[in-house]
Amino acid sequence: MSSAALDITDLSHQFGRRRALDQVSLVVPRGNFTALLGVNGAGKTTLFSLITRLYDNRSGRIRVAGHDLRQNPAQALARLGVVFQSRALDADLTVRQNLSYHASLHGIGRHQAKGRIAQVLDQVGLSQRAGDRITALSGGQQRRAEIARALIHRPDILLLDEATVGLDVKSRAEVLALTRALIADHGVSVLWATHIMDEIHPSDDLVILHEGRVLRQGRAGDIAGQAGLTRTFLDLTGVSA
Amino acid sequence: MTDRAFPPRAWLTAFLGIARRETLRFVNQRGRFLAALVRPLVWLFIFAAGFRAVLGLSITPPYQTYVLYEVYVTPGLCAMIQLFNGMQSSLSMVHDRETGAMRTLLVSPFPRWFLLASKLVAGVLVSIIQVYTFLAIAWFWDVQPPIWGYLAVLPALILSGMMLGAMGLFLSSAIRQLENFAGVMNFVIFPMFFASSALYPLWRMRESSTLLHDICAVNPFTHAVELIRFALYLQVNWLSLGVVLGCLALFFGGAVFMYDPSKGLLARRRGKP
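In order, the protein sequence lines correspond to chains A and B.
In this text, residue positions in the first sequence follow UniProt numbering: the first is 1, and each later residue adds one.
In this text, residue positions in the second sequence follow UniProt numbering: the first is 1, and each later residue adds one.
One or more of the hints may lead you astray.
Claimed, not checked - Per label pair, the in silico range of CB-to-CB distance: (1) A:G139 to B:V42: 38 to 48 Å; (2) B:F194 to A:T135: 32 to 42 Å; (3) A:T135 to B:I137: 31 to 41 Å; (4) B:P61 to A:R58: 45 to 55 Å.
Said to hold, decoys possible - Covered stretches of chain A (chain B as the covering partner; in silico rule of three or more C-beta atoms under 8 Å from a C-beta of chain B): (5) 42-54; (6) 90-96; (7) 107-117; (8) 169-183.
Calculated directly from the structure, the hints in this document are not laboratory data.
Glycine included, every Cβ here is placed at the ideal spot set by N, Cα and C.
Same shape as in the complex, but just chain B:
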């Protein structure tokens, strides 16, 4: 029997294998790609056009001047793509657990944190492809940030995608059955999206309700949106960066704990891991 200690190359092989599998599944499910793209485009083409007439926007950082509502809403829609992608990954984890495919991953000799991190990063890569496709289409709709913004937004997309993906991973460990996923839509995705700065600036919220404004201000999704928004205009929102990094650590730590064979809930209750 040969020595089975893993050289660095083996770790890379394992990561690439997981990334390839996620990409293949994505490619095989063309409907998923279309749905991921159609959703924000409907918001941009229809919702934003309607709101443009009723919602006046004063100058709000990072914008230097008045902007069209379509321009304002685009970073929020980028984050929405990532939010839905994170939830899709979560759904896929629950599905894998129900079908048994998850076991193939979990019985790998690599540490579980590494397997989860690889799956997380692979999912984020897929979401970034979706976001850039959306931004390319939005460019023809007169949403044209500085050209370097497209590059500067990449690290922001990676971090926000990781945070939202880690949240999906964490949720997947707590969801027992696919049927429960509708609850996630109602209690996680929609509140997170609507109670954020994705669709309207926070000062607008304060005009309506201070409480709602405060809820939006502590919503991690707001900070994912603002991180993307500022990066797209070549600026860094340090508060949002800190919140996104903190939430990423919290959600991923929670997911690793929940999937740990000795500590997490899976170990304490009978069920399909």
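For reference, chain A alone in the conformation it holds in the complex:
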């Protein structure tokens, strides 16, 4: 079995004639925070769509916790927890009902799900809001509920696509701190897609994605060097500040 939580090799994808991803290869080690940095349109969401098998990859290979996504999608998807860029909770239902629904989509029975729902809500600090409808929660609380949903089947790796977009500074910090705590406390691996450089620590693994290609991969502090991450990113991508 691969030691990586996520291992992507030579992944390409096109929408019509437009190439959205071009020979992307990256590795997310187990128990690690890996930031996927790129401007809007860099290909982050397309990459997430392929990893979560919303589309099939036609070229390249995706392995989740050692399971090939094309050959063994059930095993691979069972090990993925996902927080999408756009809200994916059912606004008509309560937090608990949303989590219960998600648990059933992973084949987790009601009795077992009940215990896990209590556990994950405690982890994200929403135990008191379990009976509230999603619409009654703030943006930050909804994001935490989404993280709880993504954790309920105990995935090996958590994918978060621009999870802090639209949140105020306090909520952003809370969501990021919660995610980092999950790595420390539960050993889950994280792939964190973002375009906000402040969210990346020098000790994090970093993948810079631009126009569908990986430009740099390694320790964030090493990539940033003396110039700093912002300057390095702008120089690499040619994006003006």
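Put chain B on the given structure of chain A with help from the hints.
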């Protein structure tokens, strides 16, 4: 890490979870239930009363004698409930796709055909509750088929509901935005309903136009109506049964194809799955 292969119980859990979600949404949207009920009742109480005076009905199978227009139109209204429910499910799929909730379903490790089938069956269960509520009210309006007909119609309702729901699923994969749904109303629901045997027998159609009669005769909705009509009077319309089963396979196969991550349109164009 534990073994994640799914035992049979897990499949049942997933199906029940999807069914529970559909039911909860239905319960939470009380207006939807009322609208689903008011629509056929208006047709039964007002439209049928008006038409009764102008539309004479000769003996038409499965009826053994002359029947009131209200009696004739009731199976068509049952199918109408299911048609609108199927379209409501389709609308809900497009809405889920726009809001992102669809992704929760599609990233489940269960096969996509199973997820779509579960959603389809759950929607049909909701429509059957609506139909039986309608039939119970219609009973007080002197629409009283044989008592065993209420049981015999259940498999017919399941099949017709599945066919119309599968058509909704198929359409939902092709509709890009909620705004386009008005087009579905104009180009799918209304033509299907009016060009069918729901409101008038096909022989009446032939008197007006042979072409219109032929269109009605090949309309799958006509066969859903006739399947229900015959079952309600303890008979089987084999032609309609065959057409409904064939269309169910066709529409569901099309929906599975369209939602397949490697084959369907979703894979070929950029958009929210």
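Evaluated hints:
1. A:G139 to B:V42: 38 to 48 Å: 42 Å, holds
2. B:F194 to A:T135: 32 to 42 Å: 38 Å, holds
3. A:T135 to B:I137: 31 to 41 Å: This hint holds: roughly 33 Å between Cβ atoms.
4. B:P61 to A:R58: 45 to 55 Å: For R58 of chain A against P61 of chain B, whose Cβ atoms are near 54 Å apart, the range 45 to 55 Å holds.
5. 42-54: holds (count 5)
6. 90-96: holds (count 4)
7. 107-117: That given contact holds, which follows from 4 residues of the stretch 107-117 of chain A lying within Cβ reach (below 8 Å) of chain B.
8. 169-183: With 0 residues close enough to chain B, the hint is violated.
When each numbered hint is compared with the structure, a violation occurs for hint 8 only.
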